[in-house]
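Asker: Residue strings, one per chain:
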Amino acid sequence: MFAVKGLKKTFGNNTVLKSIDMQVDKGKVIAILGPSGSGKTTLLRCLNALEIPDEGIVGFDDHKVDFSQKVKQQELIQLRRKSGMVFQSYNLFPHRTVLENIMEGPVQVQKRDKKIVREEAIELLDKVGLKDKKDLYPYQLSGGQQQRVGIARALAIKPELMLFDEPTSALDPELIGEVLRVMRDLADEGWTMVVVTHEIKFAQEIADEVIFIDGGVIVEQGVPTEVLSNPKEERTQRFLHRILNPTD
Amino acid sequence: MLTSNMVLGGIVIPWELMQQSFWPILIEGIKVTIPLTLISFFIGIIIALITALVRISNIKPLRWIFNIYVSAIRGTPLLVQLFIIFYLLPELNVTLDPYPTAIIAFSLNVGAYASEIIRASILSVPKGQWEAGYTIGMSYRKTLFRVILPQALRVSVPPLSNSFIGLVKETSLASQILVTELFRKSQQIGATNLDQIVYIYILAAFIYWIICFILSLAQHQLERRLNRYTVR
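Residue numbers (our numbering), protein chains in the order written: chain P, 1 to 248; chain B, 249 to 480.
Be aware that one or more of the hints could be misleading.
With a cut-off of at most 30 angstroms between alpha-carbon atoms, the simulated DSS-like pairs for lysine-lysine come out as follows [claimed, not checked]:
| no. | chain 1 | residue 1 | chain 2 | residue 2 |
| --- | --- | --- | --- | --- |
| 1 | P | K158 | B | K308 |
| 2 | B | K417 | P | K134 |
| 3 | P | K131 | B | K308 |
| 4 | B | K308 | P | K133 |
| 5 | B | K375 | P | K134 |
| 6 | B | K375 | P | K111 |
| 7 | B | K390 | P | K64 |
| 8 | P | K72 | B | K375 |
| 9 | P | K64 | B | K417 |
| 10 | B | K375 | P | K133 |
| 11 | P | K8 | P | K28 |
| 12 | B | K375 | P | K131 |
| 13 | P | K5 | B | K279 |
| 14 | B | K308 | P | K114 |
| 15 | B | K417 | P | K70 |
| 16 | P | K201 | P | K5 |
| 17 | P | K5 | P | K18 |
| 18 | P | K8 | B | K279 |
| 19 | P | K82 | B | K417 |
| 20 | B | K308 | P | K134 |
| 21 | B | K308 | P | K72 |
| 22 | B | K308 | P | K115 |
| 23 | B | K417 | P | K8 |
| 24 | P | K111 | B | K417 |
Just some of the chain P residues that point at chain B, by a computed CB distance under 8 angstroms [as the list claims (entries may be wrong)]:
| no. | residue |
| --- | --- |
| 25 | F11 |
| 26 | N91 |
| 27 | L240 |
| 28 | L244 |
Calculated directly from the structure, the hints in this document are not laboratory data. C-beta atoms are modelled at their ideal positions from N, C-alpha and C, and glycine is treated no differently.
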């Protein structure tokens, strides 16, 4: 359904992604793991062209973008409209209420009927457990609540693919659970998801496939039980050991 | 009510003259200074917005022109700008009264300064806000107008209010190209009362002060309204 082929990205002299191929089948959840500076966030941001790759083909079956050629702005916009993104720092619109945040995409971009969108937005808020917060502004919410609104906002545009960029990394530990629970619900409902995360246990639980990335290349990939419980590559072993035993 | 001169430590304060002059000066302030400020500021803000948007865009030749405009206005005295426009228009066979001439000069001046304020405010909105707009499918333009500018303009209200209050006072320079506004009216009254001219100027200063004080109250109200969605 969604695929990446020969993806390359450099920042100045620094090659962040060397040549990435990956495939995301419909309804699958892919977890991307890797040490900091490994390129995992850059990879995720290339999937919806927040970073413009230097080379490679990114896209859906019916809409692919070849970054080796000059790409028109409109093509990027089309690509982005098919995926929703959840940011580490939520990035809610501070000048709009919770409900307005969620309705912004469907109403302003998709030009859909405001009344229907409003009903859908309230349903989405119900799904993430924040129906009673619909008229509040983002600053009146906790981090976990803001992130759940962020998820609802991304879902509201009815994307084919949901991208999560370390969605719990900025949260206080006691707020992580509420966000992960929402994400697990989405996985159970059959959403196609790509998740960059440090939550190994969570990845093990909900991912259909784990990609371990280091130094801009995919070091190891496979089902979570293989990659996480029984990694073949030394780099994967070292990374998992460090994360699971931080004080060693 | 005081009707005669008051002696204070050897200084004779001409109360009667000041009372007589208060209304004529204030009326010129209300009739000329305030509209001149409002109109110039309004046009200036439109120029500033366009200038700021061009300067953050990547339209190269246009950016260049606007950079030169801002640099030239910021690098020259307002009084000189006023004189140049006043004497330049007839050279170009444009006949214009002093009042609209002053509006042109002040608008261009506000445009340059305010564009810097607006540009800085736009740049102060976190990059994540642009990205959030893009990821829900917005174009650059849509993100700019729906996401970035509403936040940027809120940030720019305090410095823009400063510019506005500054402009009220700067309009006194229009007296130099024969616009009969608050200050020129005081000069005219002073000219017939040369012995007491300093008191007429003190009166003029007092009236500017009142106007600016009222404006600063309005500024606080506006800022409070705009801050409703941020942590206080």
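Asker: Tell me, which hint numbers fail for this structure?
Answerer: 1, 2, 3, 4, 9, 13, 14, 15, 18, 19, 20, 22, 23, 24, 25, 27 and 28
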